[in-house]
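Fit chains B and C to the known structure of chain A by using the hints.
What follows is the residue order along each chain.
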Amino acid sequence: MPLNVMQLARSALVDGEDSSLHDRDLLDYEFDAANASSFWLLFGAYLVFFMQLGFALLEAGSVRAKNTKNILLKNVLDACLGALIWWSIGYPLALGSGKENNFIGAGDFFTYKRGADTGFYALWMFQWAFAATAATIVSGAVAERCRFIAYLTYTVVLTGFIYPVVVHWGWSDGGWLSAWDYDYVLDEEGEAAGTFLNPEMGGQGLIDFAGSGIVHMVGGGAALMGAIFLGPRLGRFDADGKPVDIQGHSTVLAVMGTFILWFGWYGFNPCSTLMWGAMQLAEKVAANTTLAAAAGGATSFLLARMSTGVLDLPPALNGILGGLVSITGPCAVVEPYAAVIIGVIGGFVYFGSHNLLLKLKIDDPLDASPVHFFCGAWGVIASGLFATKEGVVLGAFANDQYYGAFYGDDGTQLGIQFAGMAAIALWTCITSGVMFFLLKSVGILRVPPEDELAGLDESHHGGSAYDMGEAPAKA
Amino acid sequence: MAILDQITAACPEDLLTEEVLLSIGEADAASQATLLFTCQQAAASAEVAGAVNSSFLLTSAYLVFLMQAGFAMLCAGSVRTKNTMNILLKNVIDVCAGAIAYYVFGWGFAYGPNSDAKAFIGAGHHGLHDFLNDRGWEEWLFQWAFAAAAATIVSGAMAERTAFSAYLIYSVVLTGFVYPVVVHWVWDGDGWLTAFPNDFDKTIFKNGMIDFAGCGVVHMTGGFAALAGAYMVGPRIGRFTQDGQVADMPGHSATLVVLGTFLLWFGWYGFNPGSQLGVASTSDADVVARCAVTTTLSGAAAGLATLFMRKFQTGTWDLVTSCNGSLAGLVAITAGTSTLEPWAAIIAGAVGALVFLFSKWFILYKLRVDDPVDAIALHGCTGAWGLIVVGLFAADKYVAQAYSSDQDVGIFYGGNGKLLAAEIVGIIVIFLWVMATQGLLFYALKRMDMLRASPEEEMEGLDSTEHGGSAYYTEDVAPGKAVA
Amino acid sequence: MAILDQITAACPEDLLTEEVLLSIGEADAASQATLLFTCQQAAASAEVAGAVNSSFLLTSAYLVFLMQAGFAMLCAGSVRTKNTMNILLKNVIDVCAGAIAYYVFGWGFAYGPNSDAKAFIGAGHHGLHDFLNDRGWEEWLFQWAFAAAAATIVSGAMAERTAFSAYLIYSVVLTGFVYPVVVHWVWDGDGWLTAFPNDFDKTIFKNGMIDFAGCGVVHMTGGFAALAGAYMVGPRIGRFTQDGQVADMPGHSATLVVLGTFLLWFGWYGFNPGSQLGVASTSDADVVARCAVTTTLSGAAAGLATLFMRKFQTGTWDLVTSCNGSLAGLVAITAGTSTLEPWAAIIAGAVGALVFLFSKWFILYKLRVDDPVDAIALHGCTGAWGLIVVGLFAADKYVAQAYSSDQDVGIFYGGNGKLLAAEIVGIIVIFLWVMATQGLLFYALKRMDMLRASPEEEMEGLDSTEHGGSAYYTEDVAPGKAVA
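Chains as they are written, first to last, in this note's numbering: chain A, 87 to 561; chain B, 187 to 670; chain C, 187 to 670.
None of these hints come from the bench; they were simulated from the model.
Hints are supplied without guarantee of correctness; some may be wrong.
Said to hold, decoys possible - Stretch by stretch, here's where chain B covers chain A in the computed footprint (C-beta under 8 Å, at least three residues):
hint, stretch
1, 124 to 138
2, 342 to 351
3, 359 to 367
4, 394 to 400
5, 415 to 426
Unchecked claim - Counterexamples of contact, computed for chain C against chain B with all Cβ distances above 10 Å:
hint, residue
6, A196
7, A586
8, M634
C-beta: ideal position from N, C-alpha, C; glycine also.
Just chain A, with the same shape it has in the complex (with noise of 0.2 Å):
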């Protein structure tokens, strides 16, 4: 037996750093799927964050001139503020691998030490830029009136502790929601013997894929509840209690947001695989996400036209919006006939919602309750009815006992979305709620009427967004 041939053989296969060949590009053996990867995952991080943008555009371009410094900021904010908290405490609360622990997560405080752990610090970019969006939710339904420094305290709440909770009860290895909470057996000796799936949930975990509960309706929670502590913007409802339309200052500005919204989720969605094994699940997500977007925008931009007799646009883009949040959820586990599905009852989820909201008097400029709350919750939902057996097995969910009910499940899953879409809300309600009322006990969360009238900009930002004329050479 020729050894040398096949020490050859395997040295050049497996470990190419002690092989002769090793300066060969040939024999380059580093490469493989996992580093693939990380690309994949940055290159969604940036999709991913590439989406403030589209959230700053569309905000401005659905407030009053008076007040789009004031919503801009919010928007570069987050982005900034929000990767501060990220990296000290939200990452890890969400997914630190600290000890064990069904609630909330501990560990990995300042990336401290986990920087040489190939992979975590493309994860991180990911997370951090899903956080960012979470937070950047709310300034679209507080627009106009919140007081700056309350927008910075709910920013540091919400992405230091609300949504890293959700995160670790949804997405982590440990969390009571997670489909990929796994308890250890230990036989007589204390040694692992079994795996035990999700103990708190029968087996079995959430289905949301890439957030439409653990993401959006976080975000949007927030929001409603921020909408209703601060109440309606000035002049928004008349004295017999009609919605006064009060618009936006620039629909140019909100179809490029959207657009870039729009593109944005082709990270949030497809780079949710998280692998580049997984692109054939990619696709499909992508897919999917195609169709709920048009058929949400579709759907929604007709109603509005029966319903007001105008081809108006905001409609035809919370549409879409609306549309994409509630595909997030379910993309990779349904067939694209039940996207369609999806993003045509999510048009009419976010048409009620936000006709819903006008009958309770409650002001949400940009419609992020609607949008992001109770769309994501349909998505929730809608996992439980059309998830199909060999979705649940594709997009890797740990246990493929259960899926839709639409399928011929016996609606476990169904109640497990329920459950889990109803303990988010609850949570992010509850926080959130305590949050807004403290801020508005201490009387820092709404600007005085006189500011309000003159507008943010005027007052806090040292002036007007635009200045369309000569300049005025102030001194």
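This is chains B and C only, laid out in the frame that chain A set:
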């Protein structure tokens, strides 16, 4: 033995001759394990290559999708304030309606495998039914993004005067039927014009027409649908004065035009390089990177050429036309992006700018067709030039790399003219097909009096008559109308 | 024997020594098959890895290209309405003229292999001639995007008063000559400042200057060219009042500033992580991901630091300066993005914000140079700080990973000061080179009276005097003038 079975399962058959199998059986355990591991490794590596291609195509599709934002901004900046919402909504609805129409009809007509008239139109795969047996999701997504781009080209040419419902009908017909048929001819292996034929005897001149990323398929289809539409709907009120002069109607924001131009250019890096459909082999990666370079140089050359020609013509440094000029360069290179040398790309772009400026003038002053964003000149005429470029400059080694070495090359590289002839046939046929089908549709809409907004609506602006308000509220005070 | 021939064809030559070949001949069929298959496999895998790297570099180049849209929007928002088209056109032309100049001259001076003065300047590869023997298309594209970014930095600093033709000349000279020479020094293996030297004995301090993604090469070059330009062209009329006060001249749209900022930040993820040039190996993937994290944290820290410093200084929450502040953070991390710990990135960003605010004040109030977008402070001064950061904080293990373990590290990690000294030499030399060449150019233009628009033109606005109109038409009625 278990390990032998595993080896048989994992290794490619042609490796395992009888001799080899026999000798494997006699080898020691370490050798057997090495072989098994090598084979498993190979399978894993092939999977990675597939994933590289998928992710490349997905990324490209996303970039092409972002071109919708580019079109929206470009068109919005090129129309007057009072019609901004109208054109924006058209762009949004193109994407939404396009996705549904392409899902239900379009893909099937373009690439469906079960047709009785294979050379002309496809069938099957409608609603993505049975789709996964033959195709991947990413292919659908990429093609949808192209379909939506083709549809959107028209919106600008018919801006400021077309009734919204007419546009909606047009958009569904184009993405659902007219465009997919052209795709089938040129890009499906069964089409009669294709340069990737399943059978060379069944394609044109036994050679096929090279249209790499869609000068003909996408840009001419969109551009000449725009011509049909703009001609049928007629010019905007006031565009031609009573003494026959042309009145200037500048768009309301040059900033949006520039933003749109940059977004389109950015998206073109998905459009052209992405059309190689894969990147995982050395030759694919080479083609993809070359496409990016030729795209860049052509766009750059055309932008500069337009700038100087306009400076010479008008005496001013013309921003908006220069932006359109660089887009013309990008259109001009779209067919030949994989087969042209960089210097040829610069020629394609510079001459493309000339073609664009000439046809812009010809359409406005001679045909007297009013095209607010010059979509006809930009996409239709320059697209046709892009096809001719291929017949002239397609380099032999690059044709061999991106297509096959049996195919004809550009006449400057010693081609025998079959390729150039195929390109010209393609131009004529696509022009006739689009003008006939879309012309008929727009004519029917016109006869039913559905095509054009009333003069009063047009004067007031479509935003306020059809869309319930204005795109901009720069005044401090809300208009104060009660919501119904 | 067939299989031996196949092995000879497939396996790398230096593997097949005589001894090995002999022993392969004696080996059994299974071993031979294993070796053959392994070699084929290795080639296939290397091919995929190469394709992943190409596709990574292309994607990064696209993102850097999108920064042009970011610069365009940022600059447009920062100038007055009447000069919007002028600045937008400068950005568009930077891309177009930059591509042609970099194609004809730039790349050759930067990376051409056939120079007689290897340490100072390259030669060869002009017009991509003979390029493919050494390089890939994607490398050219990535470098072109950087060159265009360097050129664009200047447009803002000279906005609202520079004659367009002067700018055109400057742009070609910078991308064609001044910038490529700096690239050659710092990034080409033969350059005298490079940290990737072909021969350590020929680089500075036998160590080289670490400038990973171009604090010095791109940002200082652009920033100090901007200083030369803004100084030579003089302040805008009315910027300094007669009693020596500085008049505020706010830009016309903060929305565009934010749009530009986010586009730039997004593009920076191509700029910094992309500068690793590959991602397919584990160490490359590590470096790339770390670059993304440090980039994020530095930009974030600088944005916040600026916000609070401005709040303290002016009492308002200042949007535009905060945007510029986070860009300053991104500049400050550009050199050290691959070698800094996350906490050091935060320090780099926060101090970078301070450097930015101080130099902004110094340039305006002490040097009395009028820079409408603060490009000099943002790119030039903060870029220099970014180089110093590397000399202070470059961590040993990261230098070993991204460069080599022989090189010096930051002084806080026990470096012996060679690295810091190299960075300082780099700062001085780049400053002098850029000021000398660009200063001379702008001085010559000024002497020829080509540099600045006339006072009347400036008062009226360059859009109407040079570009034939206004960027915005919010009025409903077309001006109605006949087209020439």
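We went through each hint and held it up to the structure:
Coverage of a stretch by a chain is defined here by at least three residues with a beta carbon nearer than 8 Å to that chain's beta carbons; for the stretch 124 to 138 of chain A and chain B the count is 3, and the condition holds. Restraint check on the stretch 342 to 351 of chain A versus chain B: 6 residues with Cβ-Cβ distances below 8 Å, three needed, restraint holds. For the stretch 359 to 367 of chain A, the stated coverage by chain B is satisfied: 4 residues place a CB nearer than 8 Å to a CB of that chain, which reaches the threshold of 3. Under a criterion of three residues with beta carbons nearer than 8 Å to beta carbons of chain B, the stated coverage of the stretch 394 to 400 of chain A is upheld, 5 such residues being counted.
Counting residues of the stretch 415 to 426 of chain A whose C-beta lies closer than 8 Å to any C-beta of chain B gives 3; at least three are required, and the coverage claim holds. For A196 of chain C, the non-interface assignment is confirmed: its Cβ lies about 12 Å from the closest Cβ of chain B, beyond the 10 Å cut-off. Annotated as non-interface, A586 of chain C keeps its C-beta farther than 10 Å from every C-beta of chain B; the closest such distance is 28 Å. Once the 10 Å rule is applied to beta carbons, M634 of chain C is consistent with being away from chain B; the minimum gap is 19 Å.
Checked against the numbered hints given earlier, the structure satisfies every one of them.
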